[in-house]
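Peer 1: Using the sequences and the hints given, assemble the complete structure.
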Amino acid sequence: MSNNLLLLIADLLILGGLYLLGAAVVIAILGKADRIALLSLGLGVGAGILSWSMFLASWAGIPLTAGTVLGLYAVLTVAGVILARRTSKTEPVDKLIMASLRGELDSRLTRGSWILIVLLILAAAILGVGLSYFGWDDITNWALKAYGIALEGSIFAGREWGAVGLSYPMNITLLIALFRILDGNLLPGSKLLYPAFYAALLLGCYRFWVMHGLKRWVASLCSLLLATTPIIFTHAYMGYTNLAFTFYLIMGLIWCLKSMEVRGTREALLGGLMLAVGLWTRPEGYVMCIAVIVALVLGSILRAQASYHWLAALIPLALIGGSWFSFLRMQPASDTASYGLVGVAWRGMLAGQIHWSALFTILRFVAGQVLRFRDWGFVPALMGGLTLLGFRPNALRRDTVYGILLFATLTIGLALLGFQYVVAYAPAAPGVYEWLSLEFSRVGMPAVVSLTLLGSLSLREKGSEPRT
Amino acid sequence: MAKSSRAQVFKSIALAAMGVVALYQLAWVGQTGVRLAVNKVWVNRHLDAISRSADVAYGLDYLGYIDFLRRQIPPEATVVDTRTSGLPQYDSPNFVRYFLFPRTTVPLTDATCQGDPDLNQCIISLSGPHTYFIYGADFTPSAAISGVLRVLPFKEGLGILAPQTTQVTP
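The listed protein sequences derive, respectively, from chains A and V.
If you're matching positions, the first sequence starts at 1 in this note's numbering and goes up one per residue.
If you're matching positions, the second sequence starts at 1 in this note's numbering and goes up one per residue.
Label-pair restraints from in silico Cβ distances:
#1 A:L328 / V:P75: 27 to 37 Å
#2 A:T65 / V:P75: 16 to 26 Å
#3 A:L151 / V:V38: 33 to 43 Å
#4 V:W42 / A:F325: 37 to 47 Å
#5 A:R108 / V:V9: 17 to 27 Å
#6 V:Y24 / A:N4: 29 to 39 Å
#7 A:R392 / V:L23: 27 to 37 Å
#8 V:S12 / A:A381: 16 to 26 Å
#9 A:R374 / V:D48: 25 to 35 Å
#10 A:S326 / V:P74: 34 to 44 Å
#11 V:G86 / A:L122: 36 to 46 Å
#12 V:D48 / A:F156: 20 to 30 Å
#13 A:G67 / V:Y24: 43 to 53 Å
#14 A:L371 / V:A27: 16 to 26 Å
I should point out that these hints are in silico values taken from the structure, not numbers from a laboratory.
Ideal Cβ positions, reconstructed from N, Cα and C, are used throughout, including at glycine.
Peer 2: As structure tokens, then:
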């Protein structure tokens, strides 16, 4: 058997292991979960929990070696499986989604869309591994830092290896390090993470649409539309972390929404966990999490009967976010520069220092982006149009999901613009236009996916209520 | 009734538009993907991950340069990047470090040689049995350097200054 084939098998085993851990945790939290929910959440949850545990272990002084990482994994997985067995209910599969899925499998459009999506996922996997790491940031920010951490067996190696010191959250870094530690990442197998997040995002969105009244083939078409969005497909094989972050944020939003619909503590806990891992994936994660929470609060206020189990959602945010920010507080100021900038901008704005020209530049740039096919295809224009045409003010009160998604799209969009605007306050940063040219298209992904979730709701079957 | 049929028409138009857009986007990402798969993945299938990175990031010349560095500099060596090419892919410490991993790579900064000596003098003062220097077109090795270090030119002004004991790999 060729060496590369053995490496591929080892890499798939690592991914399978992460999925197993995540699936156990999802079942432990939800009590029951349908296969699509498990497929969409398993890898992301397992990856986030293992990388966070590696971070805590290394912070506590435990060296990150193959032995310690596997030991940590074994402890977490055994605990997850025991908890899952204790909490799982007798109905392991969501009857509704599986039954209707079987019924719709005959639809040529559903099958055709998913065949194309699977081909895109496979293509992204081949491109991801075949091209290896090649972007500036994926080499200097993520891969090199991960290799340094794997070499020295400590997260603190990240200060010397790679760019941005220790200021960026380490979810993806530690996952790449995991592959490096376990099999050398010689393929590099860690590039399989990106198509896996791509697939998980598409499945999660598909499930959301089906559960909210879209026909299977319509939901499949929406998933295909998302899958073929140029920048989303590019990030399915490129080593940046924006797609993984988008996955966590959008899944966090979807499960928090679900918890509001069913008044469920378990769903809130899962939603909070996804948001927390999002915060643990990108530096702008905390701003985006706040944006989602604001949307949920607005939704609760507007629709008084929608209860929300805040505590359950806040527990994972407090644990993961708290540990990360405590860690950052102990690092030298240079390591936390990207977080300090928001404070600098905030103080500047409070002092009445408003950069009008920067605001104008951002708005003009965003207007141009909406029509920029090579990044966004026609998705923002199409989904923006659907949202506007399908907008009914009274639906904000009547329809929890619609209202909160609308708020979330707006708050995520505003947070995104705000995150670009703070650059105007950076003493030694590039100009706002240069920054936008580098950053905007990829950090804009959550806003566009949220807009797609929202716009597609206009295609719900008449009279269909959110299925819970 | 009329309202409901209007909604149906709206939905049908929207779905048709989505279908057309999805297929158009599919064709676009498909041709981009096929081009990359043929020109980079298939052509480079015999290369290791680092070499594939180099070719995809900056093309064949860069791949040649990285392969040259990896052939000539042993993995346990310390590499000093003199940052004298004027191009980020050669001068960025983190970028070069990734391609030379696991070699220890240090950038030559203003603080490296105290007292602001000539770059040739600075390099000579830092030389050692396991220390290699990579240089670019903005630097010309002096005669004095040739006495202390072995000059291994690549092309277009790029090259390595290696310890005299180095065995040159063809």
